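Visitor: Chains Y and W, in that order, give the protein sequences. Everything in the first sequence is counted per the working numbering, starting at 1 for the first residue and increasing by one. Everything in the second sequence is counted per the working numbering, starting at 1 for the first residue and increasing by one.
Hints were generated in silico from the structure; no laboratory data involved. Warning: the hint list may mix true and false statements.
In this list, chains with the same sequence are indistinguishable; a pair is considered to hold if it fits within one copy or across any two.
Simulated crosslink set (SDA-like; lysine to any residue; CA at most 25 angstroms straight-line) [as the list claims (entries may be wrong)]:
{"no.": "1", "residue 1": "K60", "residue 2": "Q261"}
{"no.": "2", "residue 1": "K40", "residue 2": "R89"}
{"no.": "3", "residue 1": "K282", "residue 2": "L319"}
{"no.": "4", "residue 1": "K282", "residue 2": "N185"}
{"no.": "5", "residue 1": "K282", "residue 2": "Q59"}
{"no.": "6", "residue 1": "K267", "residue 2": "T3"}
{"no.": "7", "residue 1": "K233", "residue 2": "D101"}
{"no.": "8", "residue 1": "K97", "residue 2": "W256"}
{"no.": "9", "residue 1": "K233", "residue 2": "A23"}
{"no.": "10", "residue 1": "K260", "residue 2": "N99"}
{"no.": "11", "residue 1": "K127", "residue 2": "G56"}
{"no.": "12", "residue 1": "K233", "residue 2": "D57"}
{"no.": "13", "residue 1": "K60", "residue 2": "L126"}
{"no.": "14", "residue 1": "K294", "residue 2": "A225"}
{"no.": "15", "residue 1": "K128", "residue 2": "T21"}
{"no.": "16", "residue 1": "K135", "residue 2": "V304"}
{"no.": "17", "residue 1": "K135", "residue 2": "D36"}
{"no.": "18", "residue 1": "K309", "residue 2": "Y215"}
{"no.": "19", "residue 1": "K272", "residue 2": "G216"}
Since the model is a prediction, treat every value here as computed from it, not as a measurement.
Protein chains: 2
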Amino acid sequence: MQTYQAYLQQINSYIQDNRFTGAPFELYAPINYTMDMGGKRVRPILTLMACELFGGDLQKALPVATALEVFHNFTLVHDDIMDKAPIRRGQPTVHVKWNPDTAILAGDLMMIKAVELFGLLDEVTLKKCLPLFMKTAAQVCEGQQLDMIFEQQEMVTITDYLHMIELKTAVLLAASLKLGSYIGNGKEQDAQHLYEFGKHIGLAFQLQDDILDVYGNSIEFGKQAGGDIISNKKTFLLIRALELAEGNNLHELNQWIHKKQFNEEEKVLAVKTIYDAVNVRKLAEAQMTFHQQKAFEHLDQVNVQAAAKNAFTSFASYLQQRGS
Amino acid sequence: MQTYQAYLQQINSYIQDNRFTGAPFELYAPINYTMDMGGKRVRPILTLMACELFGGDLQKALPVATALEVFHNFTLVHDDIMDKAPIRRGQPTVHVKWNPDTAILAGDLMMIKAVELFGLLDEVTLKKCLPLFMKTAAQVCEGQQLDMIFEQQEMVTITDYLHMIELKTAVLLAASLKLGSYIGNGKEQDAQHLYEFGKHIGLAFQLQDDILDVYGNSIEFGKQAGGDIISNKKTFLLIRALELAEGNNLHELNQWIHKKQFNEEEKVLAVKTIYDAVNVRKLAEAQMTFHQQKAFEHLDQVNVQAAAKNAFTSFASYLQQRGS
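Just chain Y, same shape as in the assembly (with noise of 0.2 angstroms):
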């Protein structure tokens, strides 16, 4: 197994190879600017390190590892529509350089750029590929739905969270790993069990994402403290307190949710204080740890010697401390 460093390399040489060219420029050129952004490339370089674990050729399974990172680009061109974010990787966001209708009509292009480099890969393995590509796409958008639906819904359960989390992040870094497993022409078992490797992570990764916005240095996370208490987001932290805390606790809770105009720090640190006297913090480290230990268990059963499985456990690492 190569490095990390080295997918990386091979990923963006790939990228800056077969750039995205056509007319209008004003349509292609959003295209290169989300692709150039960045990013740790996470996804392509699951989809080769899985391929790579079966004894697959990683040429063959570039053009699709970068369709998964145009696809995971795409989504965030059309969020960050949706989302109103004005910032993007430190960069502005497409609908706010360009317009939010170049930015509708950037990511469906992507969405159709990133399906036309499937169709790269052979007969039998295209078969194979493209109804996972496609049911796992579908799925993003449901949790994406699902998110919005949440953000003006008063109730939302742990179990509807993990189940909106799963479809919005933790299925498309599965498939990543499945799609190169059967590009490497591993078994249907071992490919089944790498997915399940990558659901687990990214539950766990989208948890540790939700504690560290509240106790994580906002330096090295690179957000804003405590930005989700501040915007009331949903996360796993907020919705475990609201079932858990009674009497004044509950009531100081929901009178922050519910206020219009507040100093943002003292809001951070009321819910946190709240936070601290049910012990949410706690509750979703367990949760972070229950999936890590399902991502191991997986990682286990894969049918390939102990040594090859190495990478997959330094890569969930090195993803675990770096935050997205």
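Put chain W on the given structure of chain Y with help from the hints.
Guide: The following block gives chain W in isolation, referenced to the frame of chain Y:
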């Protein structure tokens, strides 16, 4: 060959038997709403006709035929957001009935579901059909972006305009025929002639649309008469009139284009008078006839018995008579 009604019935049955189901309901409801709006199902019928022309199995063509309708409807859902269109086929558009965010996401899911239907093809046919579909889908996006650019642009040439409508409208009709030919195991040369037939029929159809907007009977046409004139839409007629008008006519035409406040009927009448003075109707009709002739030249060259092609000739006249 079957009748238009028989094909339509098969398409509608397939759509009814394969409703889009899934959760959340809020995401799937707009998709079925859009599919239920009806329409002439031109693209899927062309696919079935082409498949049958080469003796192919219609059951094999039905998922792809439906995919083309789903794709077409996806483009309408997203275009309607961009155009801020309140009504489509007499009903509220998705972004009005729900909201723009749901319309973006439902559109995305429709694109995904269209590709998913291609995944039902056998390995060899999938590998042959998918790249053509994705190339066509990209062209449709390019056409829509060009259309938006032209709206903001002072000068558009006839060449630019014909290129734009070819991408936005004609290539999908063309690809519908070529995909049907592939599924029916038609030879590449014949499939390409049918593609060109469809492309030129599409161009003729759009030119007819431009003419009918000004000279058609608004009740039969189903749109507001002169709508293109009122909104300064850069149709074949306006572009050509701007090229040909001189002196007072040109001055007056430019004045009407730049007027912010005006009586609609007065504007339609005045612009129509200038159109008549420079004879653009005749030029548009000549361009339309040119594409119809080109279409039939290509149809002639498809290597099947002449009688089998009658259905294509009648379907083309049917389209040309009915307007969009």
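Visitor: Against each hint, give a clear statement of whether it holds in the structure.
Guide: Hints, verified against the model:
In the homo-oligomer, the alpha carbons of K60 and Q261 never lie at most 25 angstroms apart, since the shortest distance is 55 angstroms inside one protomer and 60 angstroms across protomers. In this assembly of identical chains, K40 and R89 lie within 25 angstroms of each other by CA distance solely inside one copy; the values are 11 angstroms within and 45 angstroms between copies. For the identical chains of this complex, K282 and L319 are intra-copy neighbours only, at 20 angstroms inside a copy versus 66 angstroms across copies, given an alpha-carbon limit of 25 angstroms. Taking the closest pair of Cα atoms, K282 and N185 never come within 25 angstroms of each other, the shortest separation being 41 angstroms inside a single copy and 62 angstroms across copies.
Within a single copy, K282 and Q59 get their C-alpha atoms no closer than 44 angstroms, and across copies no closer than 56 angstroms, so neither meets the 25 angstroms cut-off. In this assembly of identical chains, K267 and T3 lie within 25 angstroms of each other by CA distance neither inside one copy nor across copies; the values are 43 angstroms within and 68 angstroms between. In the homo-oligomer, the alpha carbons of K233 and D101 lie at most 25 angstroms apart only across protomers (18 angstroms), although the nearest pairing inside one protomer, at 27 angstroms, exceeds that limit. In this assembly of identical chains, the alpha carbons of K97 and W256 never lie at most 25 angstroms apart, being 34 angstroms within a copy and 33 angstroms across copies at closest.
When the C-alpha separation of K233 and A23 is checked against a cutoff of 25 angstroms, the pair qualifies only between copies, where the shortest distance is 22 angstroms, while the shortest distance within a copy is 40 angstroms. When the C-alpha separation of K260 and N99 is checked against a cutoff of 25 angstroms, the pair qualifies only between copies, where the shortest distance is 24 angstroms, while the shortest distance within a copy is 29 angstroms. Taking CA atoms no more than 25 angstroms apart as the test, K127 paired with G56 passes in both settings, with 18 angstroms inside one copy and 21 angstroms between copies. With identical chains, the CA atoms of K233 and D57 are never at most 25 angstroms apart, being 43 angstroms at best within one copy and 52 angstroms at best between copies.
Proximity of K60 and L126 under a CA criterion of 25 angstroms is satisfied in both settings, with 11 angstroms inside one chain copy and 18 angstroms between copies. For the identical chains of this complex, K294 and A225 are neighbours neither inside a copy (29 angstroms) nor across copies (65 angstroms), given an alpha-carbon limit of 25 angstroms. Proximity of K128 to T21 under the C-alpha cut-off of 25 angstroms is restricted to the inter-copy arrangement: shortest distance 23 angstroms between copies versus 28 angstroms within a copy. For the identical chains of this complex, K135 and V304 are neighbours neither inside a copy (27 angstroms) nor across copies (39 angstroms), given an alpha-carbon limit of 25 angstroms.
In this assembly of identical chains, K135 and D36 lie within 25 angstroms of each other by CA distance solely across copies; the values are 23 angstroms between and 27 angstroms within a copy. Within a single copy, K309 and Y215 get their C-alpha atoms no closer than 31 angstroms, and across copies no closer than 71 angstroms, so neither meets the 25 angstroms cut-off. For the identical chains of this complex, K272 and G216 are intra-copy neighbours only, at 12 angstroms inside a copy versus 68 angstroms across copies, given an alpha-carbon limit of 25 angstroms.
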